[in-house]
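Listed below, chain by chain, are the residues.
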Amino acid sequence: MKQRLGIMILAVVLFMGVSVFCLPTQPAAAEAPEVIKVGIIAPLSGPAAWAGAAIKEGADLLVEEANSAGGIYIKDYKKKMKMEIIYGDSQSKPAIGVTVAEKLITKDKVHFLVGEAFHSSVTMAVMELAPKYNIPIQSWMPTSNEISDKIKSNPKKYWNFWKGDFASSAYGKTIHDTYIYLEQKGLYKPKNKTIAFVIEETDFGRSNADSAFELMQKVGWKKVAYEVVPIGHNDFYPQLTKIKSLHPDVVVSCFTALNSGTSFLKQYQETGMTSSHMAIYYPLYPELIKNAKTAADYLIWTPLLLNPAKIEYQAKFQERFKKRYGKDINNQNGAGYDGMLGVFVAFQQASSLDPKKVVDAIAKTDYRAVLGRYQYNLDRHELKDGLDYIPIPTAQILNGKNIIVWPTKMADTEYQPQPWIR
Amino acid sequence: MTSFPILFEQIVNGLVLGSMYALVASGLTLIWGTMKMLNFAHGELYMLGGFGLFFGVSYFHLAPWMAVPIVLLVIFILAALLEKGLISPMLGRPDWDVGAIVVTLGIGIFVQNFAFKFWGGDFQEVPYMISGTTSFLNITLAWHRIYILSLAVIVLVAFWQLMKRTRFGLALRATAQDIEAATLMGISYRRVYMATFGISASLAALAGTALAPIFSVNPWMGSGPLIKAFIVVILGGLGSFAGAILGGFIIGISESLSVLFLGSGWKDLICFALLIAVLMIRPSGLFGGKEW
Amino acid sequence: MLKINNLQVYYGDAHALWDINLQVRRGEICTLVGANGGGKTTLLKAVCGLLPIREGSVLFDDSDLLAFKAEERVSLGLSMCPEGRKIFPGMTVEENLAIGAYTKRAWKKRQSMMKQFYDLFPRLKERRKQPGGTLSGGERQMLAIARALMSEPKMLILDEPSLGLAPNTVESVMEAVQKINGNGVTILLVEQNVNVSLQISQRGYVIESGRIVMSDRSEMLLSNPHIKQAYLGL
Numbered sequence: 001m002k003q004r005l006g007i008m009i010l011a012v013v014l015f016m017g018v019s020v021f022c023l024p025t026q027p028a029a030a031e032a033p034e035v036i037k038v039g040i041i042a043p044l045s046g047p048a049a050w051a052g053a054a055i056k057e058g059a060d061l062l063v064e065e066a067n068s069a070g071g072i073y074i075k076d077y078k079k080k081m082k083m084e085i086i087y088g089d090s091q092s093k094p095a096i097g098v099t100v101a102e103k104l105i106t107k108d109k110v111h112f113l114v115g116e117a118f119h120s121s122v123t124m125a126v127m128e129l130a131p132k133y134n135i136p137i138q139s140w141m142p143t144s145n146e147i148s149d150k151i152k153s154n155p156k157k158y159w160n161f162w163k164g165d166f167a168s169s170a171y172g173k174t175i176h177d178t179y180i181y182l183e184q185k186g187l188y189k190p191k192n193k194t195i196a197f198v199i200e201e202t203d204f205g206r207s208n209a210d211s212a213f214e215l216m217q218k219v220g221w222k223k224v225a226y227e228v229v230p231i232g233h234n235d236f237y238p239q240l241t242k243i244k245s246l247h248p249d250v251v252v253s254c255f256t257a258l259n260s261g262t263s264f265l266k267q268y269q270e271t272g273m274t275s276s277h278m279a280i281y282y283p284l285y286p287e288l289i290k291n292a293k294t295a296a297d298y299l300i301w302t303p304l305l306l307n308p309a310k311i312e313y314q315a316k317f318q319e320r321f322k323k324r325y326g327k328d329i330n331n332q333n334g335a336g337y338d339g340m341l342g343v344f345v346a347f348q349q350a351s352s353l354d355p356k357k358v359v360d361a362i363a364k365t366d367y368r369a370v371l372g373r374y375q376y377n378l379d380r381h382e383l384k385d386g387l388d389y390i391p392i393p394t395a396q397i398l399n400g401k402n403i404i405v406w407p408t409k410m411a412d413t414e415y416q417p418q419p420w421i422r
Numbered sequence: 001m002t003s004f005p006i007l008f009e010q011i012v013n014g015l016v017l018g019s020m021y022a023l024v025a026s027g028l029t030l031i032w033g034t035m036k037m038l039n040f041a042h043g044e045l046y047m048l049g050g051f052g053l054f055f056g057v058s059y060f061h062l063a064p065w066m067a068v069p070i071v072l073l074v075i076f077i078l079a080a081l082l083e084k085g086l087i088s089p090m091l092g093r094p095d096w097d098v099g100a101i102v103v104t105l106g107i108g109i110f111v112q113n114f115a116f117k118f119w120g121g122d123f124q125e126v127p128y129m130i131s132g133t134t135s136f137l138n139i140t141l142a143w144h145r146i147y148i149l150s151l152a153v154i155v156l157v158a159f160w161q162l163m164k165r166t167r168f169g170l171a172l173r174a175t176a177q178d179i180e181a182a183t184l185m186g187i188s189y190r191r192v193y194m195a196t197f198g199i200s201a202s203l204a205a206l207a208g209t210a211l212a213p214i215f216s217v218n219p220w221m222g223s224g225p226l227i228k229a230f231i232v233v234i235l236g237g238l239g240s241f242a243g244a245i246l247g248g249f250i251i252g253i254s255e256s257l258s259v260l261f262l263g264s265g266w267k268d269l270i271c272f273a274l275l276i277a278v279l280m281i282r283p284s285g286l287f288g289g290k291e292w
Numbered sequence: 001m002l003k004i005n006n007l008q009v010y011y012g013d014a015h016a017l018w019d020i021n022l023q024v025r026r027g028e029i030c031t032l033v034g035a036n037g038g039g040k041t042t043l044l045k046a047v048c049g050l051l052p053i054r055e056g057s058v059l060f061d062d063s064d065l066l067a068f069k070a071e072e073r074v075s076l077g078l079s080m081c082p083e084g085r086k087i088f089p090g091m092t093v094e095e096n097l098a099i100g101a102y103t104k105r106a107w108k109k110r111q112s113m114m115k116q117f118y119d120l121f122p123r124l125k126e127r128r129k130q131p132g133g134t135l136s137g138g139e140r141q142m143l144a145i146a147r148a149l150m151s152e153p154k155m156l157i158l159d160e161p162s163l164g165l166a167p168n169t170v171e172s173v174m175e176a177v178q179k180i181n182g183n184g185v186t187i188l189l190v191e192q193n194v195n196v197s198l199q200i201s202q203r204g205y206v207i208e209s210g211r212i213v214m215s216d217r218s219e220m221l222l223s224n225p226h227i228k229q230a231y232l233g234l
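Protein chains in written order, with my numbering: chain A, 1 to 422; chain B, 1 to 292; chain C, 1 to 234.
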């Protein structure tokens with residue numbers, strides 16, 4: 001029976017793996033293709049499926065808009081062509097991501113591959129396919145520095161791979177700069193210069209925490225805890241109990257999952273934590289304040305990428321998105337839309353399906369979209385960040401609203417001390 | 001380095017966590033113990049419990065304590081019908097255990113995608129059953145956690161009594177131990193299976209309603225607890241009720257203690273190491289192979 | 001009380017029982033004897049509904065048994081004590097007895113019934129909190145019989161009650177069977193132990209290779225040369 005059970009469980013695991021191959025497939029492309037095929041690999045099921053679904057909404061919206069405007073003129077075939085997205089589900093797993101990528105390239109014959117749209121780990125695996133298949137490949141939301149480190153060390157090998165997000169050190173830099181600023185202004189005074197991290201088990205979480213600590217360490221800070229939890233984790237009592245006993249000055253939390261963030265904020269208050277708290281990423285979800293309610297008040301966090309009230313482009317996007325899907329935008333929606341806009345712009349500039357020409361067009365990318373101005377840093381194949389490109393400010397949640405408190409150039413108000421700090 | 005109060009607090013955290021695991025695992029082990037079948041849709045039944053509470057509270061504006069029994073009843077009926085319609089036809093066929101596994105897997109995938117399609121992939125918040133926090137012995141705990149711990153204890157004790165004292169409980173155990181002999185006693189094993197599936201689903205749904213305020217509700221919320229529940233039941237011994245409870249508490253406490261002593265990253269490693277160690281000494285789990 | 005007419009039973013495609021005709025009269029002890037593999041247990045399973053019946057009829061108290069599912073036959077008053085006892089090993093003696101009274105009618109009376117069987121089998125009373133799995137062979141057999149009687153049957157079918165028991169235990173089991181019969185329960189006793197079973201019964205059937213080959217009054221069978229040679233080793 002025991003052995004039988006083992007076989008059954010194996011069968012189940014295989015079944016789950018094989019289901020990847022059962023996604024709808026397209027017949028092989030003819031000589032003059034009907035449409036421009038873009039393959040997008042995203043976590044469409046599994047623990048990050050919500051992110052995949054949101055990215056898909058953004059990308060689909062752009063394609064609908066671009067296609068109804070007539071499509072892209074391609075000189076090679078002397079006609080306007082529409083775009084079509086073929087999705088592949090990575091299930092948040094690198095190995096599955098690679099399988100799906102191979103399928104999209106060889107079977108569906110996509111002209112452009114997005115691999116992956118969300119996870120750094122999957123991207124690290126998929127980017128190894130770049131030298132094997134000479135088609136443009138791009139990642140969208142992954143920020144891990146390792147991706148662009150690899151590109152920088154071997155630009156020839158990865159000529160056709162582009163990382164469509166900024167460096168992960170950007171968030172760390174904001175954390176460092178924010179606390180330095182608060183200390184200088186006398187708004188916050190650390191006692192022992194100790195810091196604790198509670199982060200998600202992703203390359204994204206680790207590289208953010210690591211780059212933040214690297215900078216903090218240089219100005220004399222010490223790390224007292226580094227708690228890594230699985231993606232979508234919800235019960236933080238064990239971590240918080242431990243951290244509380246270590247009395248750090250600052251706690252930095254980083255999750256991509258909204259539910260983790262909500263739980264963490266609530267439990268941070270429930271367990272009576274007394275450290276300053278800065279969050280990375282999850283307060284981007286507009287639902288966070290609704291879900292965590294007062295537990296979200298006074299939190300400082302980065303990056304406030306969406307601010308439709310202040311940024312006109314985002315307000316317009318919000319309006320179109322709401323009309324199409326009946327809900328407010330979130331960061332993944334924006335990233336999906338912006339990413340797909342980048343693909344559109346690249347084909348439009350190249351006016352060709354030739355991989356070489358499309359990649360050249362990506363390198364010259366310069367467009368404004370939901371999250372900011374998109375331009376590549378050419379030696380690392382990654383997006384530029386900063387005030388002129390994609391700004392990464394610190395916001396504070398005050399009375400249920402997000403208000404920018406740093407950098408001073410963008411700030412709408414001054415930081416309010418977190419009332420729980422003791 | 002670690003003082004006693006912290007250790008104590010961490011053990012309390014582990015007990016709360018463990019009671020959550022025990023609640024999810026008990027339904028899973030009940031199905032195995034009675035029907036000798038694994039239910040891969042257990043996580044989705046748990047998810048339906050969470051969504052049920054969410055809809056009850058947000059759309060029908062019921063008080064949570066009123067919504068929970070209604071949700072349990074609905075899930076019980078739904079699961080019993082699923083058993084009757086989809087699993088029962090597999091019974092008695094050669095290799096039915098594999099067939100039934102595939103059916104439950106199918107149910108799980110269907111329910112997950114149904115929820116995604118019609119209820120959306122967003123994280124839905126459900127209020128705590130009892131809001132606020134309390135302090136005792138230097139420990140601060142949300143009341144909701146005390147609710148979870150006491151709910152788990154009450155439900156598991158009540159279930160134990162049901163199994164020991166009632167006509168139905170005896171029939172269920174008799175069926176689990178020897179179907180043919182149970183039939184000779186006048187017990188309809190098909191009806192017992194239907195009810196067992198329903199009860200197991202209600203236990204999953206109850207866990208879903210209890211944990212939803214902490215874990216948020218969404219179509220994929222069931223997969224994490226399901227994997228944990230599998231670890232718990234294999235540790236405790238497949239089919240053993242006592243094993244599921246003890247296994248739940250062991251995993252919960254060892255998780256919270258490994259966070260304290262080693263760091264969060266070690267938590268799962270310690271759990272699996274514990275599981276492997278137990279299986280090496282007792283290949284069928286702590287209480288495996290024992291009849292109940 | 002029990003009438004089996006022209007019964008044919010198959011295991012899948014294999015024909016297992018041919019043209020079985022058998023009758024048990026109200027109030028008697030009737031024996032069905034035969035060698036191992038002769039079809040005794042197959043016949044009982046068919047009567048109890050654990051095996052499908054393709055042809056023939058089984059009447060119990062004038063109602064057609066085939067119209068009832070296996071578990072429903074108990075409430076008609078037909079109870080079987082299966083081969084190998086099939087005690088529920090994880091349930092205590094008391095729980096085993098209680099589940100014997102599963103039918104709605106019997107469940108209400110289970111306490112008084114239980115008392116009655118504790119009087120009949122004092123050993124069971126001593127062990128009433130012990131799991132069934134820890135009992136000795138003789139105790140299990142007594143428990144199995146008591147459990148089968150908890151449903152207050154009109155007729156009890158006993159499948160190989162003497163199997164694996166020491167001679168003096170067999171004797172006390174047979175005494176108990178006679179006592180039960182004395183209380184008005186019709187008994188169909190199925191045995192390999194031909195001598196013992198024919199001694200306490202009024203009539204007997206002999207089954208060989210799936211066919212009834214002989215039926216007569218018990219004392220006639222005991223003196224039959226074929227029986228003597230084949231089963232009694234005389």
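Keep in mind that the hints were calculated from the coordinates and are not lab data.
Just to be clear, a hint being listed does not mean it is correct.
[What the hints assert, rightly or not] What follows is a set of in silico ranges between Cβ atoms, one per label pair, in the way DEER data are often shown:
| id | chain 1 | residue 1 | chain 2 | residue 2 | range |
| --- | --- | --- | --- | --- | --- |
| 1 | B | 164 | A | 293 | 52 to 58 Å |
| 2 | B | 4 | A | 95 | 42 to 48 Å |
| 3 | A | 95 | B | 62 | 41 to 47 Å |
| 4 | A | 222 | B | 130 | 46 to 52 Å |
| 5 | B | 150 | A | 272 | 49 to 55 Å |
| 6 | B | 69 | A | 315 | 52 to 58 Å |
| 7 | A | 290 | B | 143 | 39 to 45 Å |
[As the list claims (entries may be wrong)] Per the computed footprint, the stretches of chain C lying under chain B, defined by three or more beta-carbons under 8 Å from a beta-carbon of chain B, are:
| id | region |
| --- | --- |
| 8 | 26 to 33 |
| 9 | 102 to 109 |
| 10 | 193 to 204 |
Remember, predicted model here, so these are calculated numbers, not experimental data.
Quick reminder that beta carbons are idealized off the backbone N, C-alpha and C, glycines included.
Quiz item: Which hints from the list above does the structure break, by number from lowest to highest?
Solution: Those not satisfied are hints 1, 4, 5, 6, 7, 8, 10.
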